[in-house]
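Going line by line, the protein sequences match chains A and B.
Offset between the first sequence (1-based) and the numbering used here: plus 14.
Heads up: the second sequence at position 626 corresponds to 615 in the numbering used here, and the numbers run straight through without jumps.
Since the hints were made in silico from the structure, they are not lab data.
Values in this document were obtained by computation on a predicted structure and should not be read as measured data.
C-beta: ideal position from N, C-alpha, C; glycine also.
Please note that a few of the clues may not be correct.
Restraint ranges, calculated between C-beta atoms of paired labels, are given here [what the hints assert, rightly or not]:
{"hint": "1", "chain 1": "B", "residue 1": "664", "chain 2": "A", "residue 2": "194", "range": "54 to 62 angstroms"}
{"hint": "2", "chain 1": "B", "residue 1": "638", "chain 2": "A", "residue 2": "112", "range": "33 to 41 angstroms"}
{"hint": "3", "chain 1": "A", "residue 1": "79", "chain 2": "B", "residue 2": "636", "range": "25 to 33 angstroms"}
{"hint": "4", "chain 1": "A", "residue 1": "29", "chain 2": "B", "residue 2": "638", "range": "40 to 48 angstroms"}
{"hint": "5", "chain 1": "A", "residue 1": "212", "chain 2": "B", "residue 2": "642", "range": "19 to 27 angstroms"}
{"hint": "6", "chain 1": "A", "residue 1": "112", "chain 2": "B", "residue 2": "633", "range": "53 to 61 angstroms"}
{"hint": "7", "chain 1": "A", "residue 1": "219", "chain 2": "B", "residue 2": "638", "range": "53 to 61 angstroms"}
{"hint": "8", "chain 1": "B", "residue 1": "646", "chain 2": "A", "residue 2": "120", "range": "46 to 54 angstroms"}
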Amino acid sequence: MNDALFAQLSTLGSSLALLFGITLLWRRSLSAYISAFRWQSAALSALLVAIGYLGDDPELYFVAIFFAALKVIALPYYLTRMEKQLGGERESQPYVNVATSLILSGLLVLLAYAVTRPLVIVSTLPTRGGLPLAVGLIFVGLFVVVTRKKALTQIVGFLVLENGIALLAALATFGIPLIVELGVFLDVLMGFLVMQVFVYHIHGTFESIDVDQLSELRY
Amino acid sequence: MQPIFLLLIFSYCFGALMALLFGASALGRVLAGTGAAVGAGAGILLGAGVIVSGAPFQWSAPGLLPTAGGLALGLDALGGFFLALIGVGALPAAIYGVGYSAAYAPGSVSLRQLGVMFNLFLLTMSLVTFADNVLTFLLMWEGMSLTSYFLVVSEPGQPGTVRAGVWYAAMTHAGLALLLAAFVLLINGGSSAFADLRVTAGEITPGLRGAIFLLAFFGFGSKAGLIPLHVWLPRAHPAAPSHVSALMSGVMIKMGVYGLLRVGLDLLGGGPTWWGALVLAVGAASALLGILFALMENDLKRLLAYSSVENIGIVFIGVGAAMLFGAKGLPAAAGLALIAALYHALNHTAFKGLLFLGAGAVLHATHTRDMNRMGGLIRTMPRTAFFFLIGSLAIAGIPPLNGFVSEWLLFQSLLPGVGLAQPIVAALVTLAIGMLALTSGLAAAGFVKAFGITFLAIPRSPEAAPTRQSSHEAAPSMQWGMGLLVASCLLLALTPTWIVPGLARVIAGLAGVGDALPSFTLGLSLHLGDGFADVSPLLAALGLLVVLGLAPGAMALARVNRSLRVSDSWGCGRVDQTPRMEYTATSFAEPLRRVFAELYRPTKELTIDFHPESRYFVQSIEYRSEIRGWFEEILYLPVISAIQWLSRYVRLLQSGSLHGYVSYLFVVLILLLATILWSGG
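Pulled out of the complex, with its shape left as it was, chain A reads as follows:
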């Protein structure tokens, strides 16, 4: 009984995370990107608590708290502030349009299922149903980075990719040691800060945060 609930919960949580990830692909305004990221992180925190409770690993509660503090509160706050300072930029012309993006992301999730199939077959974890979804989330995050033009949307794409990795780690291992988890959080924070500095510089130089313009730097 407990195992069945665990399996259902983890699949549900992973699906929610993936759904919020895919949401990015058909929204245009940056504020929609940020709120999708916030909801995704919230879903992941909840999933972490569930895994901690059902998998009997109290350390995960701490991880969930840090996770929520960083990714539900701190990062979305900074992202919103940046968006305001840079003035309502929209992801108006991505490299791949919305319809094609959705089809491609569907294919990517299929690929994720295909890739993880051998692992899922041999695995006895109750959480194994979420593994393909986590890999799919990683793919979708990378896809956002590749196809979206604005620096801010790329940052969100990177954070979604990071969420995918965190989800995969939680599902596959029931929580890696706390110290490693903390290191990863610090990494994300540092990476975000560096990217933030770069975005301001790009904006200052090009009057825009279209990453396209960087091709002028080529020698």
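Model the placement of chain B on the given structure of chain A, informed by the hints.
Then chain B, alone, in the frame of chain A:
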């Protein structure tokens, strides 16, 4: 042995560290030079110790770099000889460098970088001779190449320096690629320790052995500067600071000889006749073409660089003859040829180092390398002129100096090859003897030019004029450096009866050469056994001293009661003599340029401006003649343009678009996963 080894490592590291800490200050220069000099001295002691005692030195640290066998160091007699050779070149160069580097204009050269790289260069080059497995060898070899690259580009502000660096880096890395291939084939999946390779090399098929040898020969040949791989020498040697040129030309190119002996004769254990024939032919071609190109140069350091090609060619003639005789079953002649080759390598270190240091002193004083702007320097820098004269005599093979001894030995060792049963081989050896003789003669002409145009007659330009402040004698440390090399030239010249038995120990372990020692009778003179001639440089020197001592005495006697008159030489009736009447460097070499016109293919351009009224009145004549390197154009231009063509397409990858770069990552990830899926299921 152990303390000397540690002293060697420690002092080079000390020198590098001091250069790093104190940089361009006088203290930093002196300490960096001291570290290098002490390390070089330790190298001489250790090398000589291993040769004399006959006990190899071992030191290994398998824990250091655990992949591929770790760092394994060992010094046998062959390595010991080359370690000592490094010391012979490096000790004076380090002393000289202290004074030489002081003269650079502030900001033009980073003396910190120069000091650090100089010490690291010597350290890695010394460790090449210690290498006892493939990893250590290649690692130290690459360290030597990289540090010497940084030494070449010490003066990036000078025109041509960066280009010279690119040529050097390209050639040396092409060589490294060949060496990597050779060692991969040689290891063949087994152990990479040299001791194991000696055993397993016997099981390799002859075809593969030939391939390994060819790869190694051309790989080491690019470092040694054999024709046609010599193109970096005349570019990099002039660009580098002079004491570095002395080391690169006098010492580093010998590492190519060491590598070939190590791989060809030690690890592979010798091979069929064609190996030796190839080395002999390439060596003879390098010797002759090297000196022919040297003769046409008006840039003093380029001339010396081409002369290095010549001398390394002579060394390879000896090596090739040794391999050839070894394959033909003539161990005594093979041993003698190899001894002659190593002797010449050592001699070349002494006199070419001396000449480069002398050229550096001249450059230091006149700030030009163009010989047509020099002249008359013997009056402002008499000591440098004397040192340079000794070096020129030695390199030209004038008895009783050291160049003569080794070239004489080489001639003696080649003679038995003339009677070999295989006609082609006999013809090749005979041809090599002829080319060697021609080379020696041309070398004498070349160094008459180098010394005469630079130091004699009257100054050809304001830079060389004695009234100028800049034309001055070299600093004391520079004179000490050159003096040390003069001393080594004389020592090497007068003591062949001690050096030759030492060299016989060095080559004792190599394939095909047998034990050469019994064939010598040693004493005051060198008796080479039946069928060879005798020589006694010591007696020759004594005789010469007597003659030279008598001559001034006789002249003094003849001049009694006659007053000494100092005057101009006869100027064909002209009252005033100007530098424009002198022989120039170009005109001195003009006869040879005509004789070998087919080789040089000079371009000529004659422009005559006539007076508009009459063709009998000429207003000006302009004659321009250049020697283009057609040789390099044929061989290297196609390669260079092919690489440039290829790199245009590679450059498409660098689109400049950030999305492009990220999508490379994405696409590769997807493709990899798809491949795993497809292949593994």
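Structure-based check of each hint:
{"no.": "1", "hint": "664/B - 194/A: 54 to 62 angstroms", "verdict": "30 angstroms, violated"}
{"no.": "2", "hint": "638/B - 112/A: 33 to 41 angstroms", "verdict": "35 angstroms, holds"}
{"no.": "3", "hint": "79/A - 636/B: 25 to 33 angstroms", "verdict": "54 angstroms, violated"}
{"no.": "4", "hint": "29/A - 638/B: 40 to 48 angstroms", "verdict": "45 angstroms, holds"}
{"no.": "5", "hint": "212/A - 642/B: 19 to 27 angstroms", "verdict": "23 angstroms, holds"}
{"no.": "6", "hint": "112/A - 633/B: 53 to 61 angstroms", "verdict": "44 angstroms, violated"}
{"no.": "7", "hint": "219/A - 638/B: 53 to 61 angstroms", "verdict": "31 angstroms, violated"}
{"no.": "8", "hint": "646/B - 120/A: 46 to 54 angstroms", "verdict": "26 angstroms, violated"}
In this structure, the hints that do not hold are numbers 1, 3, 6, 7, 8, in rising order.
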